[in-house]
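K.L.:
Chains A and D, in that order, give the protein sequences. So the first sequence is numbered by this note's numbering: it starts at 1 and just counts up by one. So the second sequence is numbered by this note's numbering: it starts at 164 and just counts up by one.
If you're looking for bench data, these hints aren't it; they were derived computationally from the structure. Cβ coordinates follow ideal geometry from the N, Cα and C atoms, glycine included. Do not rely on the hints blindly, as some may be mistaken.
According to the in silico footprint, chain A covers these stretches of chain D (three or more CB under 8 Å from chain A) [as the list claims (entries may be wrong)]:
#1 169-181
#2 210-223
Ranges between beta-carbon positions, derived for each pair [what the hints assert, rightly or not]:
#3 D:Gly374 <-> A:Ala116: 39 to 47 Å
#4 D:Lys294 <-> A:Asp103: 26 to 34 Å
#5 D:Glu183 <-> A:Pro148: 22 to 30 Å
#6 A:Asp103 <-> D:Phe281: 23 to 31 Å
#7 A:Asp103 <-> D:Glu330: 56 to 64 Å
#8 D:Val378 <-> A:Glu111: 35 to 43 Å
#9 A:Lys100 <-> D:Ala362: 25 to 33 Å
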Amino acid sequence: MSDDRMTATPAAAAGAAAPTWEPQIIAFCCNYCAYAAADLAGSQRRQYPVNVRIIHAPCTGKIEMEHILDAFLKGIDGVLVAGCLEGGCHFLEGNLRARKRTDRIREMLEEIGVGADRLKMVNLSAAMAPTFVESVQGIVDTVRALGPSPLRDSRPPESEGKE
Amino acid sequence: MIVASPKPITELRELIAGHEKVLFAGCGTCVTVCLAGGEREVGIAGYAVRMARKLEGEALELTQVTIERQCENEFIKDLAEPAADVDAIVSFGCGVGVQAIAERFPDMPVYAGLDTQFMGLLEEQAIWTEKCLGCGDCVLAEYGGICPVTRCAKRLLNGPCGGSTEEACEVDPDRPCAWQLIYTRLKNIGQLDRLEEVAPPKDWSTSWHAGARKVVRKEHRV
Chain A
1 MSDDRMTATP AAAAGAAAPT WEPQIIAFCC NYCAYAAADL AGSQRRQYPV NVRIIHAPCT
61 GKIEMEHILD AFLKGIDGVL VAGCLEGGCH FLEGNLRARK RTDRIREMLE EIGVGADRLK
121 MVNLSAAMAP TFVESVQGIV DTVRALGPSP LRDSRPPESE GKE
Chain D
164 MIVASPKPIT ELRELIAGHE KVLFAGCGTC VTVCLAGGER EVGIAGYAVR MARKLEGEAL
224 ELTQVTIERQ CENEFIKDLA EPAADVDAIV SFGCGVGVQA IAERFPDMPV YAGLDTQFMG
284 LLEEQAIWTE KCLGCGDCVL AEYGGICPVT RCAKRLLNGP CGGSTEEACE VDPDRPCAWQ
344 LIYTRLKNIG QLDRLEEVAP PKDWSTSWHA GARKVVRKEH RV
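My request is simple: use the sequences and hints to build the entire structure.
P.N.:
As structure tokens, this is what we get:
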């Protein structure tokens with residue numbers, strides 16, 4: 001899987017620009033659990049907010065810190081990382097690594113002033129569709145309460161770097 | 164290897180305050196291995212700083228380049244092109260790298276992006292410990308390969324202090340007593356008799372105490 005496919009774009013997440021603000025959330029979902037749980041939620045006709053766009057990851061261990069930071073720099077309002085239950089990772093410890101990375105990014109977001117609560121990680125199994133729906137609803141509610149990301153382009157000027 | 168740790172994002176942000184075009188220079192040697200200043204860490208620091216600057220509403224044009232080694236002029240040459248169009252350089256090398264780059268670019272502000280710590284060993288994933296102080300007169304042969312100069316908090320050369328236990332140093336309960344390690348090691352290799360010799364006061368003139376040192380190897384000079 002190429003790194004490009006792991007890169008979020010808020011515009012893609014939002015679709016057309018909405019006249020009133022709605023939270024834009026990216027959910028990085030592990031193929032073996034969260035993505036399957038999201039699929040199951042759909043099969044069961046469970047409703048969850050449309051603010052979330054899913055990025056299908058082979059494992060949460062594939063999600064590097066840069067992927068999440070890139071989404072925030074581009075102005076995403078919140079990120080959900082959804083991985084397997086601890087001890088249940090298809091690749092043994094990918095979800096444990098993802099937990100450490102998300103914890104570190106939460107610290108960074110707090111220090112930068114974006115706010116740690118905009119990033120959340122959950123652990124669930126492929127059968128836990130209700131948990132997936134609750135997690136999505138939870139982060140949407142949290143981000144809605146926090147308001148738009150201060151890094152949204154409508155506020156300060158863009159400061160993209162070059163590699 | 165030389166072990167360093169990243170500076171807080173706030174400090175990085177303050178370092179480059181007032182500079183619009185900045186070069187983040189990583190180093191591909193020691194600080195890459197200790198996960199502090201390699202290409203990946205420079206990238207992550209770049210994201211953090213760009214976010215911080217965006218929040219302040221100030222523009223930042225950030226260039227990121229990681230070279231093989233910042234402590235050799237031969238490799239620093241690779242920074243000449245990316246550095247041509249920036250206002251300041253933040254070096255993510257050790258203190259040696261920062262100074263080497265500063266010498267190479269005399270008209271450019273060069274800042275340290277890391278806190279350089281010590282010469283050490285990777286004990287396990289993401290844990291490093293100090294092993295060598297670079298005293299310039301190695302005594303490891305007399306102490307079974309365990310350095311009392313570096314690893315004994317009091318730098319004792321003739322046995323442990325009264326605060327030693329079999330487990331830990333009295334200064335830091337998380338640190339093993341170097342003299343306990345020396346005793347066990349010498350016993351294991353059958354050289355306990357080395358402890359019967361009294362070590363004279365160490366000659367510290369070879370160490371840092373008289374200022375920065377210099378090594379000249381005339382057989383290799385050209």
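K.L.:
Now tell me, hint by hint, if it's right for this structure.
P.N.:
Here is how each hint holds up against the structure:
1. 169-181: holds (count 3)
2. 210-223: With 13 residues in contact (Cβ-Cβ under 8 Å with chain A), the coverage given for the region 210-223 of chain D holds.
3. D:Gly374 <-> A:Ala116: 39 to 47 Å: holds (45 Å)
4. D:Lys294 <-> A:Asp103: 26 to 34 Å: Once the Cβ atoms are compared, 30 Å apart, the range 26 to 34 Å for Asp103 of chain A and Lys294 of chain D holds.
5. D:Glu183 <-> A:Pro148: 22 to 30 Å: Given about 26 Å between the Cβ atoms, the range holds.
6. A:Asp103 <-> D:Phe281: 23 to 31 Å: holds (26 Å)
7. A:Asp103 <-> D:Glu330: 56 to 64 Å: With Cβ atoms ~31 Å apart, the hint is violated.
8. D:Val378 <-> A:Glu111: 35 to 43 Å: holds (41 Å)
9. A:Lys100 <-> D:Ala362: 25 to 33 Å: This hint is violated: roughly 45 Å between Cβ atoms.
Figure legend: structure checked against the earlier numbered hints; hints not met, in rising order: 7, 9.
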